[in-house]
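A.B. asks: Sequence lines, in order, name chains A and B. Going letter by letter, the first sequence gives residues 8 to 478 in the numbering used here. Going letter by letter, the second sequence gives residues 8 to 478 in the numbering used here.
For the record, the hints were derived by calculation from the structure and aren't laboratory data. Do not take every clue at face value.
[What the hints assert, rightly or not] Okay, the calculated beta carbon distance ranges per label pair: (1) S450/B / V36/A: 36 to 42 Å; (2) D422/B / S297/A: 26 to 32 Å; (3) D422/B / G144/A: 56 to 62 Å.
[Claimed, not checked] Straight-line Cα separation of at most 30 Å, DSS-like style, residue types lysine-lysine; simulated pairs: (4) K352/B / K331/B; (5) K449/A / K271/B; (6) K352/B / K271/B; (7) K63/B / K331/B; (8) K277/A / K375/A; (9) K63/A / K331/B.
Bear in mind that the values here come from a model prediction, so they are computed numbers and not experimental data. Even for Gly, the Cβ is constructed at its ideal location relative to N, Cα and C.
Spelled out, the chains give:
Protein chains: 2
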Amino acid sequence: MSLIFLEQLRSICGQAHVLAEGDLSAWEVDWRKRSFGKALAVVRPGNTDEVAQVVKACLAARVSLVPQGGNTGLVVGSTPDDSGTQVVLSLQRLRAVRQIDAANLTITVEAGCVLQHLQEAALQAGFLFPLSLAAEGSCTIGGNLATNAGGTQVLRYGNARDLCLGLEVVTAAGEVWHGLSGLRKDNTGYDLRDLYIGSEGTLGVITAATLKLYPLPAARLTAWAAVASMDEAVALLGLAQQHLGASLTGFEVMGQFALSLVVKHFAQLKVPFHESAAFGVLLECSDQESETHARALFERLLEAALENGCVSDAVVAESLAQAKQLWHVRESIPLAQVEEGLNIKHDISVPVSRIPEFVRDTDALLQKAIPGVRLVNFGHLGDGNLHYNVQAPAGNDAAAFMHEREDEVNTLVFDAVQRFGGSISAEHGVGTLKVSKLEHHKSPVALSLMRAIKTALDPHNLMNTGKLLRR
Amino acid sequence: MSLIFLEQLRSICGQAHVLAEGDLSAWEVDWRKRSFGKALAVVRPGNTDEVAQVVKACLAARVSLVPQGGNTGLVVGSTPDDSGTQVVLSLQRLRAVRQIDAANLTITVEAGCVLQHLQEAALQAGFLFPLSLAAEGSCTIGGNLATNAGGTQVLRYGNARDLCLGLEVVTAAGEVWHGLSGLRKDNTGYDLRDLYIGSEGTLGVITAATLKLYPLPAARLTAWAAVASMDEAVALLGLAQQHLGASLTGFEVMGQFALSLVVKHFAQLKVPFHESAAFGVLLECSDQESETHARALFERLLEAALENGCVSDAVVAESLAQAKQLWHVRESIPLAQVEEGLNIKHDISVPVSRIPEFVRDTDALLQKAIPGVRLVNFGHLGDGNLHYNVQAPAGNDAAAFMHEREDEVNTLVFDAVQRFGGSISAEHGVGTLKVSKLEHHKSPVALSLMRAIKTALDPHNLMNTGKLLRR
Chain A
8 MSLIFLEQLR SICGQAHVLA EGDLSAWEVD WRKRSFGKAL AVVRPGNTDE VAQVVKACLA
68 ARVSLVPQGG NTGLVVGSTP DDSGTQVVLS LQRLRAVRQI DAANLTITVE AGCVLQHLQE
128 AALQAGFLFP LSLAAEGSCT IGGNLATNAG GTQVLRYGNA RDLCLGLEVV TAAGEVWHGL
188 SGLRKDNTGY DLRDLYIGSE GTLGVITAAT LKLYPLPAAR LTAWAAVASM DEAVALLGLA
248 QQHLGASLTG FEVMGQFALS LVVKHFAQLK VPFHESAAFG VLLECSDQES ETHARALFER
308 LLEAALENGC VSDAVVAESL AQAKQLWHVR ESIPLAQVEE GLNIKHDISV PVSRIPEFVR
368 DTDALLQKAI PGVRLVNFGH LGDGNLHYNV QAPAGNDAAA FMHEREDEVN TLVFDAVQRF
428 GGSISAEHGV GTLKVSKLEH HKSPVALSLM RAIKTALDPH NLMNTGKLLR R
Chain B
8 MSLIFLEQLR SICGQAHVLA EGDLSAWEVD WRKRSFGKAL AVVRPGNTDE VAQVVKACLA
68 ARVSLVPQGG NTGLVVGSTP DDSGTQVVLS LQRLRAVRQI DAANLTITVE AGCVLQHLQE
128 AALQAGFLFP LSLAAEGSCT IGGNLATNAG GTQVLRYGNA RDLCLGLEVV TAAGEVWHGL
188 SGLRKDNTGY DLRDLYIGSE GTLGVITAAT LKLYPLPAAR LTAWAAVASM DEAVALLGLA
248 QQHLGASLTG FEVMGQFALS LVVKHFAQLK VPFHESAAFG VLLECSDQES ETHARALFER
308 LLEAALENGC VSDAVVAESL AQAKQLWHVR ESIPLAQVEE GLNIKHDISV PVSRIPEFVR
368 DTDALLQKAI PGVRLVNFGH LGDGNLHYNV QAPAGNDAAA FMHEREDEVN TLVFDAVQRF
428 GGSISAEHGV GTLKVSKLEH HKSPVALSLM RAIKTALDPH NLMNTGKLLR R
């Protein structure tokens, strides 16, 4: 049956686009190399109609499908299991920018379009597409939408979901839902768009999207502030929101230990105030008027913050090069962690108001459980989203620590998150990595609603089987 | 059985809060008095637990439930049918403001809280809750969320859905989903929140919500511009977005005939440029800095617009009183229409870029079908949302026109909307009024997905039966 099935896929997509032999690890192994899957085949349809035919063929043969974009996800959500029975459906050939509508401030692109290409296409037309994250050079917009990606501009522009007006989707039945809408208001029934967004390919395959564009800011300025505690960082955030309103487009916080790793492993980078301050805050202001205006706004804010006492020192980048350097420090934290050795990563959120207490409490609990443990704490404070990573005590073997303590540390951190009304996955999603954690921490009512929806829209459980919800 | 059932409801909510006799028309007749229903009873639970018990009692007795807030909807979505078998579940006693979290910029309120009270509670705490619409003095936030209400600030702050971070919902099974989250990022599964929002009470009952707050603007300024055509209005919108960015919080367009009705019926109101201009545009700018700054921004924009030629004349309100007067003109259009006599109302959206062509084409088609027909065209141009209302030719009897031509006019307008990629219900929802129109204009794939979701989450079809989807 397998050979006939593969022939069928080949007749849909063409011989060259059904891969069933040779090294398929680029599609089978996840980004962080935590899972080594085995695919029945990798199929690369060239358009929406071919995607629909592939889904129908899989449905008829009862073969499970794993949609995949740039395969840059962090929760093992887009690679097959090791059974050799799943088909990887790669969207990478659907990469066209279909339309830019300047007066409507929208862009319509196919799922396989790389995020950076999308940003560039918007820029070329004179607009901003604000979604921005570390993997933007290789992740695809389809994957961004399937996982409701976050990133560094959420504070102002929202998550991927907030940037999307309409979708084209191949349903689990292999039908095409033509929901590509450029409408900002449309109250004609259930919100199918937001249901498919963030469903991680378990309800259907996103093949294209209509997304919001924004006018380009006239100027963008970056500042770095030294703060003495997480409480002061939250106080600074409130002041910044008051002074800058919607011009505040970035607010990243970085703990002293995280910054010390950057200093240690990337000596060429200058990290402001890293010896004196418990936390560094990176602020970004996008201004519709001019650089002069943005600078005046920033100076007024920082004066108020120094006076109020929540900031002990601050610097505003004098040039684009300086601004890039400051962002480079922020972006180098994950790489510095790699240099330092494996650590236990978390992508959590709690209400902004509760972050100081959460960090105090959880730091103390971890120190008690593992004396000398080191916390690489940084993240998007404006969204309540911390990458609260746990590194072995100095001198300990990182791999052994990871192996022996990961479960214990995860349980401790996730239990704390739940006590503080937070989320165990703020922006990375669930994939297979967090399926059992989700069952533990999500409310049973919510889980049973989710299962009912899954069964209703994918009755044979063939769409990204085992991701997000257990098989 | 009916008596036993009513006794059960009384034992849940108390004698005084189950109404089954006397004049119940306040709950049975819709806002526009288009439907005269008959309820088995009106039940007014006092808290979430009582709501859950009522839903369970109705489920056990297989009695259909109609959730109701302020009963100000425009599509007959919150009143019972005339069978005398449905229970109206009024949320009006659940009206507490549960919490304001200043550092997190959130407010948590119960469903029955009147929108204006919510705005006032936010203001008292020093924040803005931006949802604003004509019925705000009596509509409730639960109804706003159930219908994903729009209004005049959508351009900047989005629809009700965009303002909501979390919900508490009584499901169709009578269980409570505690989804009240103050999180701006949470990727742990399907977006149940956005599914309940806009589902018009057909999947469950929203009992409370956590909503976004914004810093209060330092100043708000209003301007009125005269434009020669819808093309010029769209050009002005583009300029305004470029100059003002997120400070542009209102952009309303009004056709000359709509304004002439205001002049005719409310002689005390001064309508700028109404004799010379084909359209008036009301612009609002909310500024984080100062009135001086806002005024400078507005002046620069209007100078650019006069130079560009898309505006022939403009005035900026010199005082709050003048600004209120300009908004009063805009808000008087519906009342002026009432004075002029019944008309056929539409609440449509098309992509902003296509509005000029849509209006030209549809005006011509209507004139051809009904020579002398008059168009009361006004709306939220920034969102592509027009209230494109059709009034009888001068001298014709309005009621007779309505009776004879409503179907024909609706069909003509909705067919045009569909050709232009628009929506037949931009912000009012579907209710019972547009159920059959929705079946005609919505894609069969989307409808079958919606039906599958409805069956999965409300298998006995008891939640607001017959609304949004046919019975």
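A.B. asks: Which numbered hints turn out to be false for this structure?
C.D. replies: The structure conflicts with hints 2, 3, 5, 7, 8, 9, although it agrees with all the remaining ones.
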